[in-house]
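Colleague: Could you build the full structure based on these sequences and the hints that come with them?
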Amino acid sequence: MKFIIIILGALSLISCKPDGNTSEQLLPEMVSYNFHIRPILSDKCFVCHGPDANKRQAGLRLDIADSAYKALEENPALHAVVPGFPDASAVYQRISATDSSLLMPPVDSNLKLSEFDVSMIKKWIKQGAKYEPHWAFIAPVVPSIPEVKNDGWPKNEIDFFIAAKLEEKNLEPND
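Under my numbering, read the sequence shown as residues 1 to 175, first letter to last.
Simulated from the structure, these hints should not be mistaken for lab results.
The structure displayed is predicted, hence computed values, not measured ones.
The beta-carbon is built from N, C-alpha and C at its ideal position, and this holds for glycine as well.
Each hint should be verified, as a subset may be incorrect.
Straight-line distance between alpha carbons at most 25 angstroms, and here's what the computed SDA-like set of lysine to any residue pairs gives [stated by the list, open to error]: (1) 112 to 160; (2) 126 to 103; (3) 130 to 29; (4) 112 to 88; (5) 130 to 60.
Per label pair, the in silico range of CB-to-CB distance [stated by the list, open to error]: (6) 98 to 144: 20 to 26 angstroms; (7) 64 to 157: 33 to 39 angstroms; (8) 94 to 135: 50 to 56 angstroms; (9) 173 to 134: 32 to 38 angstroms; (10) 103 to 151: 45 to 51 angstroms; (11) 150 to 59: 28 to 34 angstroms; (12) 114 to 173: 27 to 33 angstroms; (13) 94 to 153: 42 to 48 angstroms; (14) 34 to 168: 16 to 22 angstroms; (15) 153 to 34: 25 to 31 angstroms; (16) 145 to 59: 43 to 49 angstroms; (17) 98 to 57: 42 to 48 angstroms.
Modeller: In structure tokens, the structure reads:
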């Protein structure tokens, strides 16, 4: 069972082209904070906006929902994350800025979000910016076996999940 959950998690991460280009159809249907957003924020944002109070910048903490949703200390008219409204969210405004003085992460940090990362965060905010507890604290749920068009190919339950993901991406299994 744990193996199936790991496979599902890995398959949900296979979403961008090798050249790094992005398009709406390559983003997952439902963006998960744990599988998609937390890794981006952890790699690129938590250095300055994470749990370490000594390194935190602008009083903004993005690893906790309450902090991300509240008004910004520097500008109380803005909120870092406005669930459902990426264009009203300071986080999205800053990560998609074209002006390098506004862009996050800052240019001098040597960190950069890809177009895919920015699109993923935008979609997550649009879908309600739901934070999830760390995956280690979520009880595993037995997923139902997906129905697939090519039901002759799968030999076991895991194959059905792989076949469903392949069909979703308009691919066929190798012989």
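Colleague: For each hint, tell me whether it holds in the structure or not.
Modeller: To see whether the hints hold, each was checked on the structure:
Our distance criterion of 25 angstroms between C-alpha atoms is broken by residue 112 and residue 160, whose separation comes to about 36 angstroms. Taking the CA atoms of residue 126 and residue 103, the gap is near 20 angstroms; set against the 25 angstroms cutoff, the hint holds. Between residue 130 and residue 29 the CA atoms are separated by roughly 15 angstroms; this keeps the pair inside 25 angstroms, and the hint holds. Simply put, residue 112 and residue 88 have alpha-carbon atoms about 22 angstroms apart, close enough for the 25 angstroms limit, and the pair holds.
In summary, the hint linking residue 130 to residue 60 is supported, as the alpha carbons are separated by about 18 angstroms, within the 25 angstroms threshold. A beta carbon spacing of about 44 angstroms between residue 98 and residue 144 contradicts the range 20 to 26 angstroms that was offered as a hint. A hinted range of 33 to 39 angstroms for the beta carbons of residue 64 and residue 157 is consistent with their spacing of about 37 angstroms. Against the hinted window of 50 to 56 angstroms, the Cβ-Cβ separation of residue 94 and residue 135 comes to about 27 angstroms, which falls outside the hint.
A beta carbon spacing of about 34 angstroms between residue 173 and residue 134 agrees with the range 32 to 38 angstroms that was offered as a hint. Between residue 103 and residue 151, the C-beta spacing of about 48 angstroms keeps the proposed range 45 to 51 angstroms intact. Hint check: residue 150 to residue 59, Cβ distance near 53 angstroms, so the stated range 28 to 34 angstroms is violated. The hint said 27 to 33 angstroms for the Cβ distance between residue 114 and residue 173, and at roughly 29 angstroms that hint holds.
A hinted range of 42 to 48 angstroms holds for the C-beta pair residue 94 and residue 153, which are about 45 angstroms apart. The hinted range of 16 to 22 angstroms is satisfied by residue 34 and residue 168, whose Cβ atoms lie roughly 20 angstroms apart. Residue 153 and residue 34 have their C-beta atoms about 30 angstroms apart, which keeps the hinted 25 to 31 angstroms range intact. Roughly 47 angstroms separates the CB atoms of residue 145 and residue 59, a value that falls within the hinted 43 to 49 angstroms.
A hinted range of 42 to 48 angstroms is violated for the C-beta pair residue 98 and residue 57, which are about 21 angstroms apart.
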